[in-house]
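Protein chains in written order, with the numbering used here: chain A, -3 to 487; chain B, -3 to 487.
Simulated from the structure, these hints should not be mistaken for lab results. Owing to the predicted nature of the structure, the values given are computational and were not obtained by experimental measurement. Hints may contain errors.
Copies of one chain are not kept apart here, so a pair can be met inside one copy or by any two copies together.
Quick list of in silico lysine-lysine cross-link-like pairs, DSS-like style, CA-CA up to 27 Å [what the hints assert, rightly or not]:
1. Lys359 - Lys235
2. Lys210 - Lys390
3. Lys335 - Lys359
4. Lys309 - Lys376
5. Lys189 - Lys301
6. Lys390 - Lys149
7. Lys414 - Lys359
8. Lys171 - Lys161
Number of protein chains: 2
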Amino acid sequence: MPHQLKDIHAVILAGGSGTRFWPLSREACPKQMLQIVGEDTLLRQTIKRINGFVPSENIWIVTTEDKAQDIRFHLQPLGSLAKSVQFIKEPLGRNTAPAIGLAAIYLNRLSPGSIMIVMPSDHAIPDAQKFLNDLKLSIEGAKEDYLVTFGIKPCRPETGYGYIKVVKGSEMGPKGFLKVERFVEKPNLEKAKTYFSDGSYFWNSGIFVWKTSKILSEIQNHLPSLYPTLKEIESILFKHNKPNELKEPNKPNEPNKLNELYSRLDPVSIDYGIMERSADVLMVPATFQWSDLGSWTALDEILGKDENGNILKGNTIDIESQNSIIFSGQRLIATIGLKDMVVVDTPDATLVTTKDRVQEVRKIVDALRQNGREEHLVHKTVERPWGSYTVLEKGVGYKIKRIVLNPEAKLSLQLHRKRSEHWVVVSGIAKVTREGETYLVNTNESTYIPVNTKHRLENPGEVPLQIIEVQNGDYVEEDDIERFDDVYGRT
Amino acid sequence: MPHQLKDIHAVILAGGSGTRFWPLSREACPKQMLQIVGEDTLLRQTIKRINGFVPSENIWIVTTEDKAQDIRFHLQPLGSLAKSVQFIKEPLGRNTAPAIGLAAIYLNRLSPGSIMIVMPSDHAIPDAQKFLNDLKLSIEGAKEDYLVTFGIKPCRPETGYGYIKVVKGSEMGPKGFLKVERFVEKPNLEKAKTYFSDGSYFWNSGIFVWKTSKILSEIQNHLPSLYPTLKEIESILFKHNKPNELKEPNKPNEPNKLNELYSRLDPVSIDYGIMERSADVLMVPATFQWSDLGSWTALDEILGKDENGNILKGNTIDIESQNSIIFSGQRLIATIGLKDMVVVDTPDATLVTTKDRVQEVRKIVDALRQNGREEHLVHKTVERPWGSYTVLEKGVGYKIKRIVLNPEAKLSLQLHRKRSEHWVVVSGIAKVTREGETYLVNTNESTYIPVNTKHRLENPGEVPLQIIEVQNGDYVEEDDIERFDDVYGRT
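Just need the whole structure built from these sequences, with the hints factored in.
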């Protein structure tokens, strides 16, 4: 059905911060940007999984204004696919019902009569083909004006997921849809055990398929305060569009009004706001393996364990640990006799905890935030649109970075008021602009950028350029930068 | 008794490798060089504790040839005291009986009729004054031709220590010596419980006091194969000395013969070889607190715990852990809900284990050795006689170091065949010699040392000099160095 699929859009929700995977996740590197399972990051896997099922220009990412640029850079490795993907930006995070409502407003104008698939950006679905098969089925239900969701057959009495209770014996003919009786919030262990043995309870996957018009009318019915605000937002976004140029919304000339409207919305989830209240919900019992990766222990469901029940990744040496997760990078993590534990190492922070308390990692992040520290914000290696930099050391009066520039990449023309910089090229060739003069610096050569000097670093070559930067100055923080020209639009 | 104390010598055994404190201890940084308890490293504390009780020139360190120079550098912070301390070098490690025998041979020639105090270099004795009081008593026993040792009153049924069983009711008058019935090897838990409740068992502290002549005659009686070899070694060492110049032995002109003799010795401990066999052993029940620091868990005896039974050191955030030891440095170690665990972090390796398996850290070190790795050999920061260097990063074709030179320190005049070096001064002033030319490099200036170029780095100032060194070359290992002149005798 290639023709019909043009009217199907994939809406990927990518607003999460992913505190629960600290120290691997940071504010600037939330869970969807991590490669914790599979061959790529969760967000890029999500896009690749759906691409082709819908045309790439029908893939939408819903995220907040402040995260959009980082996500755009994060998608670069996807090449032309990254360029096709479109963004719907929320002024700020307001939970899933407003985010989905905003996407529905967009799609209803740009592609009337379309079907939308709503997907989180940070779940694990190892078998894409099974997922797409189930998705095909779900679209049949959406066409008949149902809200279709996917239920995962529980394999244990899990207390970390919401449940969907289906009407027993409700199979709608050969297609296998189940009629939903109700949505159930995360249960305690006793209830979870009952659900597990009952057979009519499924885990709520958070993936939904429906007509755009249908979800808007359900919002109108069940969230009467959200609907009129969405219509008001629509009128601002599409104010000057003529009917035949509805490819994209206008740049709103009232951004403050938009922000104000959006920030007033109740932060309600689509499950609580719509799914629990609607009478038209169907569930597809998923044939695909799934995890919402709600915490480090979720890896147990989705990654292969060794014969002792361990998941060991990176530079580890273990002696007789059992049922533990050891996530290392470059540094050595040596473990002896651990049982049911989680150890996660990153260059600047290590987490050690028991599996049953892994959710409390939020408390560590809270403590870091309250103490004005940095280990919850960024990694030592920071990905940038032009490559990456790694802080090797920071001391009194200096900071040392390794900077990697992708082929043909170009930093902004910039200036620092409080620091000078020594650059030593350790691989590749650098093109340096310093106060108007431009020159090349080869491997094993160095150059110097005095304070208050306009400069720019480029990689004119076809291999990565690596330089060691030694910053000197009383103040060596990232915010001492004035940008004059930037190919990534960051001036 | 100032006059008599001149004839008392302190012999500090410093041959240990201290695998059991990995990753804090390394081959190049054994346990005695660690500051794990108290204000200084264990070895320097040991020297400071005894200094004054005996004259500083009567303090001897027995260690192996290969460790002697590093230990000499390690003592530098002791200033003039470091210069007084003398070394007795074993060609290689052969356990305590040969080491003590070698020391006795020296002292018997250099200071006939002397008393020697034998002390490990890596034990914790927090209260020096109590220790010296007990030591004074022990010397009275040694003068009467007893082998005197110190027993520690057990505070729990410990299986990690050897025991001394004393003859009940054997107190020798007011002095409080106890007559030793026998030495007992490390017991199992059942036996340890019996010993603990019995009251006549003490922990064997490994500290001994005796006349030099007495221990030699006991060696002659109980270790008949050791004694003649020691006499042969003596004849080589003191071959050309005339009776009135016996201040120090000659440089042996037969070093190979010496090595051969020493390597043939049975590696037997003084406890097994002498103390368990001699009839003339007395024990002083120690009034001082003591730990042999046999493993990470020994810290529980000697360091203060918080209200949850934890010992937290360095950059840590903990949530509700109990009875655990968390040793961190600069990097953040975040822990949640640990019980009876040990976590030790260093810049390149982290250990996580349970307290009851902490002895198995040896297996980790064995694995590292077998796999040809480096994490058991050196730290990222290496102490040198002139200061220290820290490897910040090593990559393909480059290595980055932070180098700290003490005031007025001077590296060797040297040359590298396979790498060039870029130096950026980040604090202090550097004096650089490059192919005969000498010049100053100020903070925030840099210089370049091409491959195959003789060069030298000095700190002419009175504050530490810090430079960042970026090495370039296909081969950037430490052994690419030719030294032409070195103030520390390393050419």
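Consistency of the hints with the structure:
no.	hint	result
1	Lys359 - Lys235	neither (45 Å within a copy, 71 Å between copies)
2	Lys210 - Lys390	neither (55 Å within a copy, 58 Å between copies)
3	Lys335 - Lys359	both (23 Å within a copy, 18 Å between copies)
4	Lys309 - Lys376	both (19 Å within a copy, 23 Å between copies)
5	Lys189 - Lys301	within (25 Å within a copy, 41 Å between copies)
6	Lys390 - Lys149	neither (50 Å within a copy, 49 Å between copies)
7	Lys414 - Lys359	neither (36 Å within a copy, 50 Å between copies)
8	Lys171 - Lys161	within (19 Å within a copy, 83 Å between copies)
Hint check: violations occur at hints 1, 2, 6, 7; the rest are consistent with the structure.
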